[in-house]
Each structure stands twice: as C-alpha cells, then as structure tokens.
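*Asks:* Take a look at the letters that make up each chain.
Protein chains: 4
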Amino acid sequence: MIAVIKQGASEKQVASLMSWFQSRGLKTHLSEGEFQTIIGLIGDTSRIDVDLLQGLEIVESVKRISEPFKSANRKFHPKDTVVDAGGIKIGGGNFQVIAGPCSIESSEQILNIAQNVKESGAALLRGGAFKPRTSPYAFQGLRAEGIELLLEAKAKTGMPIVTEIMNAVHLPLFEHVDVIQVGARNMQNFELLKELGQVKKPILLKRGYANTLQELLMSAEYIMAEGNSDVILCERGIRTFETYTRNTLDLSAVPVLRELSHLPVIIDPSHAIGVSRFIKPMALAAVASGADGLLIEVHNDPQNAACDGAQSLTPDQFAELCVKIKKVREAVAES
Amino acid sequence: MIAVIKQGASEKQVASLMSWFQSRGLKTHLSEGEFQTIIGLIGDTSRIDVDLLQGLEIVESVKRISEPFKSANRKFHPKDTVVDAGGIKIGGGNFQVIAGPCSIESSEQILNIAQNVKESGAALLRGGAFKPRTSPYAFQGLRAEGIELLLEAKAKTGMPIVTEIMNAVHLPLFEHVDVIQVGARNMQNFELLKELGQVKKPILLKRGYANTLQELLMSAEYIMAEGNSDVILCERGIRTFETYTRNTLDLSAVPVLRELSHLPVIIDPSHAIGVSRFIKPMALAAVASGADGLLIEVHNDPQNAACDGAQSLTPDQFAELCVKIKKVREAVAES
Amino acid sequence: MIAVIKQGASEKQVASLMSWFQSRGLKTHLSEGEFQTIIGLIGDTSRIDVDLLQGLEIVESVKRISEPFKSANRKFHPKDTVVDAGGIKIGGGNFQVIAGPCSIESSEQILNIAQNVKESGAALLRGGAFKPRTSPYAFQGLRAEGIELLLEAKAKTGMPIVTEIMNAVHLPLFEHVDVIQVGARNMQNFELLKELGQVKKPILLKRGYANTLQELLMSAEYIMAEGNSDVILCERGIRTFETYTRNTLDLSAVPVLRELSHLPVIIDPSHAIGVSRFIKPMALAAVASGADGLLIEVHNDPQNAACDGAQSLTPDQFAELCVKIKKVREAVAES
Amino acid sequence: MIAVIKQGASEKQVASLMSWFQSRGLKTHLSEGEFQTIIGLIGDTSRIDVDLLQGLEIVESVKRISEPFKSANRKFHPKDTVVDAGGIKIGGGNFQVIAGPCSIESSEQILNIAQNVKESGAALLRGGAFKPRTSPYAFQGLRAEGIELLLEAKAKTGMPIVTEIMNAVHLPLFEHVDVIQVGARNMQNFELLKELGQVKKPILLKRGYANTLQELLMSAEYIMAEGNSDVILCERGIRTFETYTRNTLDLSAVPVLRELSHLPVIIDPSHAIGVSRFIKPMALAAVASGADGLLIEVHNDPQNAACDGAQSLTPDQFAELCVKIKKVREAVAES
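Residue numbers (the numbering used here), protein chains in the order written: chain A, 4 to 338; chain B, 4 to 338; chain C, 4 to 338; chain D, 4 to 338.
Calculated from the structure, these hints are not laboratory results.
The beta carbon of each residue, even a glycine, is placed where N, CA and C say it ideally should be.
Treat the hints with care, as some may be off.
For lysine-lysine, the following DSSO-like pairs were computed, each having C-alpha atoms within a straight-line distance of at most 27 Å [to be verified]:
no.	chain 1	residue 1	chain 2	residue 2
1	C	Lys327	B	Lys9
2	D	Lys73	A	Lys9
3	C	Lys30	B	Lys66
4	B	Lys330	D	Lys330
5	B	Lys66	C	Lys327
6	C	Lys327	A	Lys82
7	B	Lys66	C	Lys9
8	C	Lys9	B	Lys82
9	A	Lys82	A	Lys9
10	A	Lys9	D	Lys330
Stretch-level coverage of chain D by chain C, calculated; a stretch enters the list once three of its residues show a Cβ under 8 Å from a Cβ in chain C [claimed, not checked]:
no.	stretch
11	136–142
12	212–221
13	317–331
For reference, chain A alone in the conformation it holds in the complex (with noise of 0.2 Å):
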C-alpha cells in the first residue's frame, strides 16, 4: 500500500504518520520526490482502512498494491477449485449447465421441467423457491413449499438441487439442498454471508448488479472466511444504461475472475440479457470465454410462468441451446 503525501505536509507531520504506520505493525520506506513524497507500506495491509487514511489532512491518495482477497485468491491457490454439488462436479475443466424454472409452482411443473431439461443435458436443477422481488405486490414464490416439490423432483430425477436463500433463519428448509444460492441483492448482506460460511455445501453466490468483480470475491471471502471454501462464482449481468436488455452481461467476467480467483466461474445469461429469443447467442457467447458452467431458465409454458416467463426457454428451445453448447467446447478446447 502506498500514502501519497500532499505538497506542503511538514516534517513532524509525517514522522507522526510514519508511527501511525509502524503502530500497527508494518514497516514503512519514505521516497521524496520533488513534487510528491511517498510512504510504502509493507506487511499485511489488508486491515488497514483505505477510506481513513484518505481522510487524513497530510494525505493526498492512497493506493492498494495487493488485492485484499485472500482465501478466494488465486495467488495463494493456484489450482482450479473443483465443488462438488451432490456428485457433480463444477470447475477445473469440469462444465454443467444448471437448469429449471424461475419459480417452482406446483409439482407437475418442477417434475416434467426437470425430467425434460436431464434428457437434454442439464447436470443440476434450478428453481426458485422464495423469490426476491422488486415489488412487494409481485409473487414471493412458493417459500417452504416451494423447497418440498423440488426435494420431490429431485428425488425423481436423482439431480442435485440448487435454490436460493433470502434468510438465514431458513436454513433448516436447505437441509436436503445440494447447493444454496445468494441472488445479488444479497451479495452484500454479509449477516447472511456469514451464516453460509458455516454451512457445509457449496454455495452459488451472484454478482450484484452494480458490484466491481474484487466486490464479488470480497463476498465470497466472508463466506470462507468462516470456512466455507466451496464457492461458485456466478455473473449474471450488471446495470448500464441499456434499456433494450434487462442487464448487461459481463463476459470479461470469466477471464478475468479466473485469472484472479481459483472458484469455479458459471454465468446466468437468462437474468442477465431478460429477453429469451437473445438467451441462446449470450449462452454460446459465455462458453466460447471458458465458463465453467451456465444457470439456464427453462420453462414448460413461459406465457403463464409465475415470474420471468421473459427470459425462459422451452424444454425445445434448451434441447436445441445443449446440442451448440457442445459444439462450442470442442471449438474451443484447447488440443
């Protein structure tokens, strides 16, 4: 970390901050230039508060030189984190699409989607159980209920499970869950976070909508930091000011997280781009950047879905999406 000293701080000033420094144990190198001087810091930077240092009357900016990361960092993990999700494994070569409903709504539903998209593909089943919505006036899906039916399909079926918390006080409904969701509304609700760091399955965390990618593995290091370490990393498009999509999905996302991080990275093109006929070019275009694996919404009837029927495919529709995905990976596998 580097303080940047401003024009006209005087001598005592500095030793005093100098201390500051030395105080909380790390050492310090003094450069002074002819317009600028500078103090280095070396040592474990990482509980020192940017935003305080930069507060301080002497200080003209300050800069980190080291990511703040470090259980997620791949600096200090090099090796592809593989999570297993109830068998399946996500990550270090290994791709799965994840597929299902936006919301569960009844029995039949979750079921015949569920035995449609594993003929096609899918490794794990999506549904939303209790559902974040901007409106309190919207549908919150069908909550503990919800759980049951897709314990039922999963029972059926025999695919892992992946639905979404909203509260930690529901976490005995997880129970039987094969991997627990944060939506990116939460992925700052560390409260929540910190529970899940204490759950022992592999939890799929969102990017929030408005969150720079250090942000997104700051959340994900305050899930293992509590010793959790099976962390999916999951972009799922980020807000600009394009009217025409839902969000704007983030592809540099996957080059750049897995250069960064050692989780696995997945992309969830359907919130992102909200318009089902774009869901197939996002989805190849996500593949063709080396995700480790999709979040497909797939529903048997969207007209009458009880949410996002905008953005889900057809069990036709997905059939059609897995037979490219294919193709893509063999196009892009390195020989």
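Got chain A sorted already, so can you dock chains B, C and D onto it with the hints?
*Replies:* For chains B, C and D alone, kept in the frame of chain A given last:
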C-alpha cells in the same frame, strides 16, 4: 399500462393476448395504427409482471403509465408525512440534523460526541453498532455492546438515537432504539424490510448506491405494506465513474422524491462524498435543495476513528456547519 | 407516442394540448381512466421533442412507442445490408476480421504486420494515423504521413484499409482509404457525421462508451439521412464500474442490434477489454454471439508500441486466434 | 508512478523493464517485498502510457501518483483564475449568472429574453445557434443566422454573449462572440479543442455526461496547452441509472474541481435535471456548494420553445430565482 404489439402478429394472437389480460381482471383497449398495434390496459396493473409481458412472442415493448407504488405515493396521500422520532418531528417543514460517529467505540467516545453535537444543534444521535464492511477483515462494530453504549448516551443526553440493523434476528436489541436504519446494501433485503414493517418504530431507509428513486420507493412500500408507515428516505450517494469522491451525492433526489412521495427526505453527505473537507459545501447544498434533514458523521478524533474517519467532521467543524445550515435554511425559506 | 396527463389538469388545458398536437399534424386519441388521462398520438412523431413535452405543466410523462430511427430500422428494411469494403463483403452472412496496429509507426512496421495478418486470415488492414488521446501530451499519431504509409501497405498487400477520421477537414487525405472509422468519442460529433453522410465510402461507426444502442443507431441515422447507407456498427466496450478491464464488452449489442437494424455489427474486443491476455476469450465469445466481424489490434512488438500495446496481440497469437475463430464459426453455424 | 511486478517475474525481466524506464528519462526505485516487487518511477511520467505498461507480461498493475494535467493544476498555479468574459469577471470570488434560451428563434425572442434576464441580474446572455441533437430529424438551430440575432441582442443590451461551437470551420462566425461554449458531446473532440486553444477568447467547457472530473481537466489541458488559459469549467449533469430526471447533477464537482484546479467552475442545472419545476432547488444547491456561476435556460414561452422548453424557466420564475440566489450567496459567504 400499454403493450406494443409486433408487426406481423396475427389477429388470433392479439385476441388471445387480450383475453389473457381480461382473465386477469383488466379492461383492454385496442388501437391499431399503420405501423403498430397497441393494447391499453386499464385497472390494477400493479400485479402484472412487466418482464413476463416483454418476453411474449408478439409483444415488442411494454410501458408502465402509473407508478407501481401506492402507500408511498403522494398522489394518494397528498399531505407530507411527519415522522415522530422519539419525540422529534421530521418532515412537513420540520428540519432535523442527525449526528454522531460512524462507529460507536467506547462509552466516553459516544457520550462526548453526543454532548458536543447536541450543543451545536443536532436533534438526534447516530452511531453504528453493527457495521456492514466490504471486507470480512475490517472492523465489524461493537454489535450488542455498541447498542448498550448508545442507550447510555441516550439516557444521559436525552437525545433520541438512530442505529443500523443488519439482521432481523437482532431486533430485540433495538427495543429502546428510536429510529432503525437500513443501510444502502440492505435496501433490497426484502426479508428484512418485511420484518421492519411489523415494528412500531420509524425506519430510516437508505438508498442503495445503484438504485433508482423508484426502487427506493418500492422498498419503502415493502415496509409500509406490512403496516409501518413511518419511513424516512435517505439519499447517501450513488456509484458513478468518478473516483475523486467516494460516491456521488444525487441532490435531485430531494425535489423528485418530495414530488413523488409524502415521506420525509434526508441527506447523508458524509457517506456520499467521503472526504471530510468536502462535507460542508455538500451539506449546505442539501439544505438549499429543500431536504428535511441531514445525517452527519462527527468524531472527536477522526484520525483514530475505527472506521470512516476520512469523512468525519470534528465537533468544532460540526458546530460551524450548524451555524451556516441555519443561515441557508433562512435564505431559502418561502416568505 | 403517449402523453400521460397529470391528475388535476383542467379540461381546457387538455383540450389545448390536443389542439397543439393536431397543429403539428398528429392525430390524437384521448383515454380517460379513474386515476389517469392519456393522450395517444398517431402519425410521424419522430419530430416531436420528448423533452419539451415532458416539461409541460400538465404532462406527467411521455412514452415513445416507435423507434425514432428509420433508415437504420430493420422494420422498414428487413434484409441484411451487405457492405462492400474495397471488394470485401461484410454482413449478411459475410464474416470478416479487420486487423492491424493501434498506431501506424513506420513503413516497415505496418507492412510487416499487414503481411502477417493477411496470411493468418484477416481480410482488411487497420492502422491509426489520427489518434484521439485523453492527454494532449500523449502520442497523437503520424497523421497525414500515417495515411501515406497505410496506403503503401495497401498497395503492396492488396488489402483494403480502415482508418479513423477526427476532423472532416482531413477528408481529402482519405480519398484512397476504403473504410473510414469514426471513434467512440466522436460518435455524437454530429457535424462530422453529416459530412461523412456525403462521402461514398463505408463508415465504421464505433459506439460511444456511455451511449445506448439506440443512440448508436441515431448516429448511424445521421450518416444515412445524408445519403450514405453503408454503415458498419461497432461495439468496442462500454464504461462500467469495473476496474480490472479497460472497458466492459457488451456482447448483447450483437443480437439486439441485429434485431433492430439491418446494418452489419462487428466487435472490437481489443479496446473493450484492454488486456492482451483476455482478447482471445472475448473474441471467441463475440464470434459465438453472432457478430459479422472482428476488429483486432496486432503489433509485431507490443512492448514498444507507440500506443495501446497493452491490448495488442503478437502476429503469432493472432494466427492462433484465427484458427479458433474458424472453429467457433462452424460450431455456431445453422446447419 | 508505480509499477507492480507479477510474482514469478525473473530478475532479468525486471532489470530489462528498469532499463526501459531509464531510457525514457525516468529514475527508478526498486522495492522487493515477500509477495510483491514494486518499481517506483520518478521524473516526468506524464508521457508514459499507462495502458501500455499495464499490458506488459510481467506487470501486474500500474498506479499513477501525480495528476496527468499541469496547466490546469492548482498545485502549480495556486491562485484562482479570473476569466474576463467581455468585461465581466468570472471566478476568484466573482459569481455570475448566464441566462437565455436554449435556441435562438427570432430577433424578438432573443432580444425580449435578453432584456428580461438582464433586468433580473444576469450578467451574460446565452443562446444556441448551432444545436447538437441526438436525432438528425430534430431542429438543428438557426446556425449562422442565429449568431447574427445574438449579436444584435448584444448590441442592444450591452450583454456579453455565450454560444456553442460544433465545428472549428465556423470560427469566423464567432469573431464577436465573447465566450465560446464546447458542449458535453464534444468534450473529447480533441481536434476542436486544439483549435480553440489558439483562439483569444474564453472557452466554456462542458463536462461530458459520462466523463470523470480528471478527463474534464485533461480536455481543459488540451485548450491550455495550445496557449489559451481562459477556460471556464461547467458541470451539466452526468448519466446515471435514474430516469425521473434527464441527467444527475453532480455538485461534488464544485469543491473537487476547485481543489484540483484554479479554473472557475459553473453549474448548468437546466440541462442536468431537465425539468423546469426542479431547476430552482438545484440552482440554489449549486450556489450553496460554492459554484462561481450558473447557466440557466430562460424562455419567454417554454411551451412553444424550439427545443428544451421542458427545462426552461419563464422570465418571472428566473427573476424570483435571482432574488433567492442572492440570499443564499450571502448565507454561505465567509464573514
């Protein structure tokens, strides 16, 4: 609500869509032009899922005409809401300054600051006990102990207190807190909002840093829909491309929110700009824009503050600011 | 177009607004609901100023129904435009790679790179002579001399050439240039666009880094309205909150622009991501998304490039990429 | 400037990078830590291309320490610049209001408005002759004729005038214009900036709607580097996710620009918020924040304005605003 139909949609498809709307209790009005066909919808469209409509094969786009919020809507409640915060009125012409440290650190610290800001004119005392931090390695607040220290300061100074909640499980600790704050990162933690809707205390709801004003009002609506209509809206800076400031204070929130809603609107310039030497101009600008109050961070020793010292005023700077605030209030008063 | 009228507007005010619309040649359609009154407008609304309407005392909001662009609109020109770029076809199923250095530096440099990229499969040669740089102290390009060197390389390799214009005064220098590029910062330099509308050459129009897709199409419309319909649209990354990459590549531009418009859409992953080791995954993703072409920076000696070396591939990396591009093209082809 | 070296870089690579810096006239300072190696660079780094460095194989990241602008930098010119705009001083404590219509429409219109705003206290008259419009089908201004009408109004009222240039070719028409405005969309039209650097008139430079404050200062630097140091900086709203306002006024620009630079800073609330009923609170907020002036749109008949009527005040509203501006100026004055 208006649905624009794609060129080439068959009469049968349009008729089927119209019956679908009618089956949901809406009146429809068809208007056919040379290049476009439009279906107007009359009735309670707040339960219609715009995203779903947008995804239908024959629908080109959907436009909402009326706002999707009701309880927070000034159209249905023209008179300003005046919130009673532990005996202090906010809104409807009642302007208040809420001041205190970012984090509660010790009994002496919080009491000392409380006495100082009270003397300068602050009506409520703020202080963080539960602190949302991007990094799991940063100071997380004194938590339960912090609330106790804050209650002590309340007892000794008589000032009503404001502090942040991060988890509904902690509600019992907030029994004697006067105003419960929801932080920017929890603005769309809908489970928390629902539980706060059942509390009989004012809620200070901060706008998320990438949320629109309508989304802020929808989150207020979550609280109000459960029965708690004492919501104070707070703008605390939005994320932009600018890097010289922590966030960007959006003062247009004041006149816009006051037109759309009857709820009081206060401004937090400290978090918005994040640099103590810029707080004064931004605070005075907020007053000139017509805000119902300010939330200001004050710390007796910013350089040794446990967090956010960068953006804290000293008690002396705060006293000076209060004098200017009064002058600007008089300057903009309608005579 | 639809104008939503404020509650409380008098009948006289509404009638006066309706005559105002009629005096502008529009048919009006009044619809009165319990909580809202709406005026629908039928006719050529492309000349109505939405901002003006929005400001009228009695108008609450205004919604456009039809797109404000015409010549670029696929609705009125369903067939793909195929641009002829010096004998090379782009669009309508014709995929092309445009490659070359960010800046032209010397005769040897540009010729060497041209021969290399041609061999690997690039169809057009790009090179910057006029360089828009944020700093006046950064290298501004070889300007006129650069164009001469590019023309030499064209003569020796037979490759059509693409280069950027920054000032219409320089047009005479572009006489033998095959495709004229408009950079992101000039996307809304309307004076320049108008002059390029009178040129008989294809224009490669880059999206501004904070512009919407509709604004890009409106800028294409400026060129087309003057008579030049050979416009190639280019997405080159948008500005977001992310800092690990230079910009954020928005691949949803491909399917969305191809639906809205008949113009070819190409992708510039080099400027978008700005880091050479991330170009390959982003380029392949662009191909998988259905782009009509790629614009790739290639430099024989990136470490000593006059500008943007950070994002240039070496000729060998480019050759490798071209092999993969071909495979991904085959994988996504509709059979 | 600081270059952080990747783990695993060989000593030879580091040495080679250091000589490369030295060959560019910089002193280097190597600092090796356990997990990171850093090269500090001392000397004139304003010509070093950060993007190039960032792309080098062994470089992990690059941090600038000093600002890349010089002529506009307060560090090198501590005293406020006072611009003389046709005899009217702006900056250094001289606060001025510039007012007038968005577009010049007729001789009567501009003269009538000029007389009105002069009476209320405006010091300079503004009016658009060349109008940048997103749509080629929107009114483009009276162009040369507009400038003539503006000059007439200047002759009759004695007010100095401000109007926008879109093309350096039109410079001869601006001979008797007192202040030349560069619009937001041309803030990075570097060719235009260079030509305005050779003009002996003040330039009013508007911030682009997605540009940072540093980029604004770099554009000022383009003008100043050519010899024209009379630049007035203008914040006119940035693009955000908010849709209730046209743009979002960023008042933090005032204290930040005034700290970074010695140039005067004025605010255009009309374009920023785009809704006439919100102009007053935003204008007063701008005054309270310490701006050196305001740019306000005034139109005698907003409903029939050729453009931007939505955001124009009537002369009466403007007169009222001027009274309040004076009061707020007094309230915030340092006594």
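*Asks:* Give a verdict on every hint.
*Replies:* Against the structure, the hints come out as follows:
| no. | hint | verdict |
| --- | --- | --- |
| 1 | C:Lys327 with B:Lys9 | violated (38 Å) |
| 2 | D:Lys73 with A:Lys9 | holds (16 Å) |
| 3 | C:Lys30 with B:Lys66 | holds (20 Å) |
| 4 | B:Lys330 with D:Lys330 | holds (9 Å) |
| 5 | B:Lys66 with C:Lys327 | violated (43 Å) |
| 6 | C:Lys327 with A:Lys82 | holds (26 Å) |
| 7 | B:Lys66 with C:Lys9 | holds (17 Å) |
| 8 | C:Lys9 with B:Lys82 | holds (17 Å) |
| 9 | A:Lys82 with A:Lys9 | violated (42 Å) |
| 10 | A:Lys9 with D:Lys330 | violated (36 Å) |
| 11 | 136–142 | holds (count 7) |
| 12 | 212–221 | holds (count 4) |
| 13 | 317–331 | violated (count 0) |
The structure fails to meet hints 1, 5, 9, 10, 13 from the earlier list, while all remaining hints are met.
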